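J.: Okay, here's what each chain looks like letter by letter:
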Amino acid sequence: MSILVWSTAVPAIGSAFLASVVEVVEAFTIVLAVGTMRGWRAAAAGTAAALAVLGGLIASFGSMLTRAPLHELQLVIGILLLLFGMGWLRKAILRAAGVIALHDETAIFSAQTDAMQRTPAGSAAAVGTDAWDWVAAAAAFKAVLLEGLEVVFIVIAVGSGRGLLWPASLGAMAAATVVLAAGLAVRRPLARVPENTLKFGVGVMLSSFGVFWTGEGLGIAWPGQDLALALFALIFLAAGLATARQLQSQLFSSSQEVR
Amino acid sequence: MTILRAVAAELAGMFWTDRWLAGATLGLVGVVAGVALRLPGQPLVTGGLLLVGCVVILIGVVRRGARQAVRR
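Sequence lines, in order, name chains H and A. If you count by this note's numbering, then the first sequence holds residues 1 to 259, one letter each, in order. If you count by this note's numbering, then the second sequence holds residues 1001 to 1072, one letter each, in order.
Derived from the structure by calculation, the hints contain no laboratory data. Do not rely on the hints blindly, as some may be mistaken.
Label-pair restraints from in silico Cβ distances [what the hints assert, rightly or not]: (1) H:41 <-> A:1005: 22 to 30 Å; (2) H:166 <-> A:1034: 33 to 41 Å; (3) H:186 <-> A:1034: 32 to 40 Å.
Partial chain A-side listing against chain H, Cβ under 7 Å, derived [what the hints assert, rightly or not]: (4) 1003; (5) 1029; (6) 1043; (7) 1049; (8) 1050; (9) 1053; (10) 1068.
The structure presented is a predicted model; accordingly, all values stated were derived computationally and were not measured. Quick reminder that beta carbons are idealized off the backbone N, C-alpha and C, glycines included.
Isolated chain H (complex conformation) (with noise of 0.2 Å):
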């Protein structure tokens, strides 16, 4: 392969496998409250269900977008991926800098523990009888449902305007194999995962696609070809941390003046 090409397939086979880690993660916190609580047979059904429909999205919607027009497809595209990285940014640059509180799947565990508790058929019988549990299939379907609808976004986005579908899902999948593994062997929280600093990263990675797809899609020829996406990361990293960084001080100076 070209270097060209590997410098569109890296950053989006990247793009896919980190995105996946981060809401792989989410997902497990709430799978492993539901299996936990009400049994693993209905968490392990739900997921199942959630994945078939998640990977019949990608199927449907990657083959349709391939025989859309190439520059109207990328314009659209590029539109929505700076809306949605310039946003996960956004909240990164707000986490890392202490201005919003950091994602905290321990916090999330016990909420959704207490709520399998606090719903019908929620106590400790209920787990290992053969009545079939429907309230926790369905939580685990809808958690990682909609966890995965980003997942299945940023795999579509990134890697339809290239012919990237089956390398950027290979990628998706990577991760959800690694985070299930290290999440069944500690059957608990993934709670020392780095999530910000891979938002920060994702955010990164698909605001940089996002300008590079809406100018190819207004019919810009960027300088470099595909090799611009990395001088617009490098761009982006640095506005990020050193907004994150300006804000970090100003909190840290303004505390100071309170005390």
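Given the structure of chain H, go ahead and fit chain A onto it with the hints provided.
T.: Below, chain A without anything else, positioned relative to chain H:
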């Protein structure tokens, strides 16, 4: 129905996390499209405008979000 509603809310939230971010980004793309029509074959001008505009919007919405969070 609850799941369909949750899916719709999730999809909307994916692209509309902050109305200023969404509005400014769509406005910028419109301006860049206009410039690209008037100045065809000037990728550095139109591309630079798009890139710099996105970075300025990002910094602006982050600073705005921080001000709002501190006020709360």
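J.: Hints first: check each against the structure and report whether it holds.
T.: Structure-based check of each hint:
Between residue 41 of chain H and residue 1005 of chain A the Cβ separation comes to about 27 Å, which falls inside the hinted range of 22 to 30 Å. Judged by the Cβ atoms, the range 33 to 41 Å given for residue 166 of chain H and residue 1034 of chain A holds: they are separated by roughly 37 Å. Hint check: residue 186 of chain H to residue 1034 of chain A, Cβ distance near 54 Å, so the stated range 32 to 40 Å is violated. The criterion of a C-beta within 7 Å of any C-beta in chain H is met by residue 1003 of chain A, whose closest approach is roughly 6 Å, and the hint holds.
Annotation: residue 1029 of chain A was flagged as interfacial toward chain H, and the flag holds, the nearest CB pair being 6 Å apart, inside 7 Å. A distance limit of 7 Å between C-beta atoms decides the matter here; for residue 1043 of chain A the minimum to chain H is near 5 Å, and the interface restraint holds. Because the beta carbon of residue 1049 of chain A sits about 10 Å from the nearest beta carbon in chain H, more than 7 Å, this interface hint is broken. For the restraint placing residue 1050 of chain A at the interface with chain H, the shortest Cβ-Cβ distance is roughly 6 Å, inside the 7 Å limit, so the hint holds.
With a least beta-carbon distance of about 9 Å to chain H, the hint placing residue 1053 of chain A at the interface is violated under the 7 Å criterion. Against a cut-off of 7 Å between C-beta atoms, the interface hint on residue 1068 of chain A is violated, since the closest Cβ of chain H lies about 9 Å away.
Violated hints, listed in ascending order, are 3, 7, 9, 10; each of the other numbered hints is respected by the structure.
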